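Participant: Using the sequences and the accompanying hints, generate a full structural model.
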Amino acid sequence: MKKLLVLLTLGIALYACSQGGKQNNDNNTAVRSAANPEDYDPTRGEGKFDNVDVGEQLDVAMAQEGKVIADLKCASCHKYTDERLVGPGWAGVSEKHRPEWIMNFITNPDPMIDKDPELQAQLEICLVRMPNQNLSDEDARQILEFMRQNDGLK
Amino acid sequence: MAAVAAVSLSFNACRPKGAGSAVSGNAAQRTYVPPGQYDEFYTFTSGGFSGQMSVYGLPSGRLFRVIPVFSVDPEKAWGFSEETKPMLMTSHGFVPWDDLHHIESSFTDGMPDGKWMFANSNNTPRLARIDLTTFRTAEIIEIPNTGGNHCSPFTTENSEYVIAATRFSVPPDGPESDVPIDSYKENFKGHISFVSVDKETGEFDIAFQLKTPGLNFDLSSAGKGVSNGWLFISCYNSEQAHTLQEVNSSQNDKDFIMAINWKKAEEYFKAGRGTVQTNVRYAHNKWDEHTHSATSEIKTEVTVLDVADFDDLAYLIPCPKSPHGADVNPTGEYIVGSGKLAALIPVFSFAKLQDAIANKDFEGEKYGGIPVVKYESALHGEVQKPGLGPLHTEFDAKGNAYTSFFVSSEVVKWNVESLEVLDRQPTYYSVGHLMVAGGNSKNPYGKYLVAYNKITKDRFLPTGPELCHSAQLFDISGDKMELLLDFPTIGEPHYAQSIPADMLMDKSLKIYDINANQHPHKTNGEAEARVERDGNIVRVYMTTIRSHLTPDVIEGIQLGDEVYFHVTNIEQDWDMPHGFAIKGANNSELLIMPGETTTLKWVPDRVGIFPFYCTDFCSALHQEMSGYVRVSPKGSNVPITAYTGTK
Numbered sequence: 000m001k002k003l004l005v006l007l008t009l010g011i012a013l014y015a016c017s018q019g020g021k022q023n024n025d026n027n028t029a030v031r032s033a034a035n036p037e038d039y040d041p042t043r044g045e046g047k048f049d050n051v052d053v054g055e056q057l058d059v060a061m062a063q064e065g066k067v068i069a070d071l072k073c074a075s076c077h078k079y080t081d082e083r084l085v086g087p088g089w090a091g092v093s094e095k096h097r098p099e100w101i102m103n104f105i106t107n108p109d110p111m112i113d114k115d116p117e118l119q120a121q122l123e124i125c126l127v128r129m130p131n132q133n134l135s136d137e138d139a140r141q142i143l144e145f146m147r148q149n150d151g152l153k
Numbered sequence: 000m001a002a003v004a005a006v007s008l009s010f011n012a013c014r015p016k017g018a019g020s021a022v023s024g025n026a027a028q029r030t031y032v033p034p035g036q037y038d039e040f041y042t043f044t045s046g047g048f049s050g051q052m053s054v055y056g057l058p059s060g061r062l063f064r065v066i067p068v069f070s071v072d073p074e075k076a077w078g079f080s081e082e083t084k085p086m087l088m089t090s091h092g093f094v095p096w097d098d099l100h101h102i103e104s105s106f107t108d109g110m111p112d113g114k115w116m117f118a119n120s121n122n123t124p125r126l127a128r129i130d131l132t133t134f135r136t137a138e139i140i141e142i143p144n145t146g147g148n149h150c151s152p153f154t155t156e157n158s159e160y161v162i163a164a165t166r167f168s169v170p171p172d173g174p175e176s177d178v179p180i181d182s183y184k185e186n187f188k189g190h191i192s193f194v195s196v197d198k199e200t201g202e203f204d205i206a207f208q209l210k211t212p213g214l215n216f217d218l219s220s221a222g223k224g225v226s227n228g229w230l231f232i233s234c235y236n237s238e239q240a241h242t243l244q245e246v247n248s249s250q251n252d253k254d255f256i257m258a259i260n261w262k263k264a265e266e267y268f269k270a271g272r273g274t275v276q277t278n279v280r281y282a283h284n285k286w287d288e289h290t291h292s293a294t295s296e297i298k299t300e301v302t303v304l305d306v307a308d309f310d311d312l313a314y315l316i317p318c319p320k321s322p323h324g325a326d327v328n329p330t331g332e333y334i335v336g337s338g339k340l341a342a343l344i345p346v347f348s349f350a351k352l353q354d355a356i357a358n359k360d361f362e363g364e365k366y367g368g369i370p371v372v373k374y375e376s377a378l379h380g381e382v383q384k385p386g387l388g389p390l391h392t393e394f395d396a397k398g399n400a401y402t403s404f405f406v407s408s409e410v411v412k413w414n415v416e417s418l419e420v421l422d423r424q425p426t427y428y429s430v431g432h433l434m435v436a437g438g439n440s441k442n443p444y445g446k447y448l449v450a451y452n453k454i455t456k457d458r459f460l461p462t463g464p465e466l467c468h469s470a471q472l473f474d475i476s477g478d479k480m481e482l483l484l485d486f487p488t489i490g491e492p493h494y495a496q497s498i499p500a501d502m503l504m505d506k507s508l509k510i511y512d513i514n515a516n517q518h519p520h521k522t523n524g525e526a527e528a529r530v531e532r533d534g535n536i537v538r539v540y541m542t543t544i545r546s547h548l549t550p551d552v553i554e555g556i557q558l559g560d561e562v563y564f565h566v567t568n569i570e571q572d573w574d575m576p577h578g579f580a581i582k583g584a585n586n587s588e589l590l591i592m593p594g595e596t597t598t599l600k601w602v603p604d605r606v607g608i609f610p611f612y613c614t615d616f617c618s619a620l621h622q623e624m625s626g627y628v629r630v631s632p633k634g635s636n637v638p639i640t641a642y643t644g645t646k
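So the sequence lines, in the order shown, correspond to chains U and V. Its first residue numbered 0, the first sequence is counted upward by one per residue in numbering that gives the first Met the number 0. Its first residue numbered 0, the second sequence is counted upward by one per residue in numbering that gives the first Met the number 0.
None of these hints come from the bench; they were simulated from the model. Honestly, I wouldn't trust all of these hints.
[What the hints assert, rightly or not] Cut-off 27 Å, straight-line C-alpha distance, at most; resulting in silico cross-link-like pairs (DSS-like, lysine-lysine):
{"no.": "1", "chain 1": "V", "residue 1": "Lys-263", "chain 2": "V", "residue 2": "Lys-188"}
{"no.": "2", "chain 1": "V", "residue 1": "Lys-320", "chain 2": "V", "residue 2": "Lys-188"}
{"no.": "3", "chain 1": "V", "residue 1": "Lys-506", "chain 2": "U", "residue 2": "Lys-47"}
{"no.": "4", "chain 1": "V", "residue 1": "Lys-351", "chain 2": "V", "residue 2": "Lys-298"}
{"no.": "5", "chain 1": "U", "residue 1": "Lys-114", "chain 2": "V", "residue 2": "Lys-509"}
{"no.": "6", "chain 1": "V", "residue 1": "Lys-269", "chain 2": "V", "residue 2": "Lys-298"}
{"no.": "7", "chain 1": "V", "residue 1": "Lys-253", "chain 2": "V", "residue 2": "Lys-365"}
{"no.": "8", "chain 1": "V", "residue 1": "Lys-373", "chain 2": "V", "residue 2": "Lys-188"}
{"no.": "9", "chain 1": "V", "residue 1": "Lys-646", "chain 2": "U", "residue 2": "Lys-78"}
{"no.": "10", "chain 1": "V", "residue 1": "Lys-298", "chain 2": "V", "residue 2": "Lys-210"}
{"no.": "11", "chain 1": "V", "residue 1": "Lys-479", "chain 2": "U", "residue 2": "Lys-66"}
{"no.": "12", "chain 1": "V", "residue 1": "Lys-253", "chain 2": "V", "residue 2": "Lys-188"}
{"no.": "13", "chain 1": "U", "residue 1": "Lys-78", "chain 2": "V", "residue 2": "Lys-521"}
{"no.": "14", "chain 1": "V", "residue 1": "Lys-646", "chain 2": "U", "residue 2": "Lys-66"}
{"no.": "15", "chain 1": "V", "residue 1": "Lys-582", "chain 2": "V", "residue 2": "Lys-84"}
{"no.": "16", "chain 1": "V", "residue 1": "Lys-509", "chain 2": "U", "residue 2": "Lys-47"}
{"no.": "17", "chain 1": "V", "residue 1": "Lys-198", "chain 2": "V", "residue 2": "Lys-646"}
{"no.": "18", "chain 1": "U", "residue 1": "Lys-66", "chain 2": "V", "residue 2": "Lys-509"}
{"no.": "19", "chain 1": "V", "residue 1": "Lys-441", "chain 2": "V", "residue 2": "Lys-198"}
{"no.": "20", "chain 1": "V", "residue 1": "Lys-263", "chain 2": "V", "residue 2": "Lys-365"}
{"no.": "21", "chain 1": "V", "residue 1": "Lys-359", "chain 2": "V", "residue 2": "Lys-263"}
{"no.": "22", "chain 1": "V", "residue 1": "Lys-320", "chain 2": "V", "residue 2": "Lys-298"}
{"no.": "23", "chain 1": "V", "residue 1": "Lys-184", "chain 2": "V", "residue 2": "Lys-373"}
[Claimed, not checked] Pair ranges (Cβ atoms, derived):
{"no.": "24", "chain 1": "V", "residue 1": "Glu-561", "chain 2": "U", "residue 2": "Leu-126", "range": "35 to 43 Å"}
{"no.": "25", "chain 1": "U", "residue 1": "Leu-126", "chain 2": "V", "residue 2": "Ile-608", "range": "50 to 58 Å"}
{"no.": "26", "chain 1": "V", "residue 1": "Gln-36", "chain 2": "U", "residue 2": "Glu-55", "range": "51 to 59 Å"}
{"no.": "27", "chain 1": "V", "residue 1": "Asp-501", "chain 2": "U", "residue 2": "Asp-40", "range": "45 to 53 Å"}
{"no.": "28", "chain 1": "V", "residue 1": "Pro-519", "chain 2": "U", "residue 2": "Asp-40", "range": "44 to 52 Å"}
{"no.": "29", "chain 1": "U", "residue 1": "Asp-40", "chain 2": "V", "residue 2": "Asn-535", "range": "55 to 63 Å"}
{"no.": "30", "chain 1": "V", "residue 1": "Asp-108", "chain 2": "U", "residue 2": "Asp-40", "range": "23 to 31 Å"}
{"no.": "31", "chain 1": "U", "residue 1": "Asp-40", "chain 2": "V", "residue 2": "Asp-533", "range": "51 to 59 Å"}
{"no.": "32", "chain 1": "V", "residue 1": "Gly-644", "chain 2": "U", "residue 2": "Gln-63", "range": "21 to 29 Å"}
As the structure is a computational prediction, the values presented were derived from the model and not from experiment. Ideal placement from N, C-alpha and C gives every residue a C-beta, glycine not left out.
Facilitator: Given below as structure tokens:
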């Protein structure tokens with residue numbers, strides 16, 4: 000009888016494991032990743048962008064597009080100055096972080112908030128996890144260009 | 000071994016009276032869905048007199064969502080927000096409650112296609128369509144010439160039409176309906192509506208109605224497979240009684256199942272053979288996903304075909320006795336009539352019915368101008384001594400039928416071909432509807448059967464005089480049905496539809512795209528948040544995001560103003576609704592989904608400061624997500640002011 004109970008328990012455990020693969024959510028959810036933090040590269044961040052070639056010159060049209068998106072989706076929490084609102088002000092952000100880190104963070108915030116040492120420190124100050132605002136790759140690139148303009152690039 | 004015995008003993012001690020040994024040893028394991036895991040089926044369950052539709056998981060019996068349909072729901076602002084109010088408009092004005100009876104999937108080729116659920120309201124006759132990407136009610140249409148839309152919302156094999164038919168025959172709408180009630184036989188008529196469904200958008204349109212003698216239509220099933228193109232409706236009160244129906248409608252040994260050749264009716268309708276009736280009024284309410292708003296329109300025309308004017312539209316099959324369910328098996332060949340007061344179940348053959356019609360094998364006298372097929376000529380056979388009070392029948396893919404018996408409180412499994420009873424299991428208590436997963440389709444999924452019980456008495460912890468109705472889950476994969484689980488339900492569930500989880504979960508909508516939001520009072524980002532006055536109408540254009548409302552300081556409101564809070568949730572993340580509520584509002588809260596704009600109307604009743612806040616816990620700073628409105632006397636010189644953070 001004991002053996003049977005053990006088998007039943009095992010059965011449940013096996014079933015649970017076999018179902019695991021189905022549970023993956025897409026990147027629009029608050030997935031708490033359990034990957035080894037040592038694999039995390041704090042200069043690149045985590046997400047789909049490896050190397051973003053931004054060029055020396057500002058793309059003014061692209062920056063304008065970026066401001067339109069930022070006004071709608073970002074400005075309720077971020078000022079474009081160095082003043083903190085809900086989150087930190089944007090002044091200097093494009094000089095402080097690599098382009099790929101910024102684009103990874105704004106398109107994939109939850110996993111990065113869980114791992115990135117600086118973001119974890121920010122969370123202790125702000126106490127609000129930055130929302131996933133469902134930005135497309137193009138949106139993210141345009142916002143980055145606006146951040147560069149905001150930091151004085153011509 | 001001793002430990003096992005002790006465990007099972009303690010289980011017995013906790014088990015409520017009446018369960019007996021009906022539950023087998025590993026039932027818990029078979030219904031247990033571990034934390035974080037998903038159920039196999041979504042089950043959309045009628046809420047009966049709650050007016051709503053609930054969504055459960057099977058096999059766990061966990062409740063996921065209550066979708067407001069025909070009744071207001073202050074939690075979701077259904078019927079309270081300005082945008083949703085038109086959904087509950089009727090020709091009688093705003094109707095805040097109804098009795099949601101049945102549910103049926105949209106079908107493609109006789110199988111659920113996962114697009115929509117249809118539902119009917121029984122009191123103020125209406126039909127609703129629920130979108131299965133948003134899990135919201137997308138459309139409601141009122142049904143004219145009808146008194147109690149019970150026989151609904153059953154659909155044809157490709158959901159070409161959803162059926163709505165009167166439970167209480169009434170005189171046709173219009174000024175001539177002021178007649179003595181005892182003139183029933185002369186003046187009261189039945190109407191069966193064929194409501195077309197647009198293949199792409201799902202939009203309803205009452206294509207035509209069939210006018211019939213004054214029968215009470217109870218339930219129906221459309222033909223499928225070999226019988227596609229036909230519709231079978233159970234009819235009671237063939238006596239045409241108008242009072243004390245409990246006795247007077249139960250006199251005849253047989254009532255009818257009406258077989259309608261709907262393809263033929265469609266042909267006649269398209270050929271212009273119907274009469275356009277212009278003294279009807281019915282509301283048609285549509286939800287627009289882009290404006291996040293509903294519109295309501297009153298329509299005034301319907302095309303009616305009188306079945307007595309045609310030889311080949313409708314036939315009556317005698318059916319014992321006050322039939323409730325009329326259910327068609329997966330092949331479409333057999334029609335099961337469940338006479339509530341009968342001691343047997345007649346099963347009719349579609350092939351034999353066709354022969355009988357071809358050979359004019361009719362009774363001597365028509366009924367209200369409709370030919371009556373001889374009982375034996377259409378009969379495949381009778382299930383003898385099945386139980387007491389058969390109500391509804393569903394099917395599996397192995398040739399078996401499952402019938403619920405209200406009076407004898409049991410579910411009976413029998414073979415459709417041989418008519419042999421194979422198994423019977425008690426229910427606790429007084430089962431009404433039952434549902435096999437896919438049991439009304441061409442290829443039932445089987446595996447699970449859910450019995451919906453009207454009486455629960457000692458099954459759950461008592462909650463005063465009013466007790467829950469319940470669902471009982473059976474495993475029907477083996478020869479014998481096995482009871483696995485009891486769970487309470489919302490309202491009185493009349494019917495349900497199970498859809499495999501895989502068919503719906505991936506297309507479930509996560510957010511509304513803020514850039515696609517075409518609400519006329521959308522606030523496109525915080526920079527546009529503002530307050531505008533036009534006479535005594537004040538519009539607050541407000542945004543929400545974790546965790547502040549903009550504006551959160553509002554001054555310059557005066558007594559006598561009508562204030563509209565147009566709240567846009569500018570979040571674009573799944574599962575991030577914000578709420579909005581203001582002190583003293585004679586109204587509900589708002590619950591605004593990401594990317595959506597929703598409006599609360601507020602008429603302040605006194606001078607003072609009114610706090611408002613977010614009602615749906617959204618972040619660690621949710622408690623801080625609040626603001627103030629200052630209300631001044633009429634004519635005050637306090638200017639309109641609105642800001643968050645800095646002026």
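Participant: Could you grab the alpha-carbon distance between Lys-184(V) and Lys-373(V) and see if it respects the 27 Å cut-off?
Facilitator: holds (24 Å)
Participant: CA of Lys-298(V) to CA of Lys-210(V), is that 27 Å or under?
Facilitator: holds (19 Å)
Participant: Tell me if the straight-line CA distance from Lys-114(U) to Lys-509(V) falls inside 27 Å.
Facilitator: holds (25 Å)
Participant: Under the criterion that the straight-line Cα-Cα distance not exceed 27 Å, is the pair Lys-646(V), Lys-78(U) satisfied?
Facilitator: holds (15 Å)
Participant: Taking 45 to 53 Å as the hint, is the beta-carbon distance of Asp-501(V) and Asp-40(U) inside that range?
Facilitator: 36 Å Cβ-Cβ, so the 45 to 53 Å window is violated.
Participant: Within 55 to 63 Å or not, the Cβ separation of Asp-40(U) and Asn-535(V)?
Facilitator: Between Asp-40(U) and Asn-535(V), where Cβ atoms are some 60 Å apart, the hint holds.
Participant: CA of Lys-506(V) to CA of Lys-47(U), is that 27 Å or under?
Facilitator: holds (23 Å)
Participant: Going straight from one Cα to the other, do Lys-263(V) and Lys-188(V) come out at no more than 27 Å?
Facilitator: holds (21 Å)
Participant: Starting from the range 50 to 58 Å, see whether the pair Leu-126(U) and Ile-608(V) falls in it by beta-carbon distance.
Facilitator: Violated: the Cβ-Cβ distance is about 27 Å, outside 50 to 58 Å.
Participant: Verify the CB-CB distance for Gly-644(V) and Gln-63(U) against the hinted window 21 to 29 Å.
Facilitator: holds (26 Å)
Participant: Taking the Cβ atom of Pro-519(V) and the Cβ atom of Asp-40(U), is their distance within the range 44 to 52 Å?
Facilitator: holds (47 Å)
Participant: Decide if the proposed pair is consistent with the structure: Lys-253(V) and Lys-188(V), CA atoms, cutoff 27 Å inclusive.
Facilitator: Distance of about 20 Å is within 27 Å: holds.
In summary, the numbered hints that this structure violates are 4, 11, 17, 22, 25, 27, 30.
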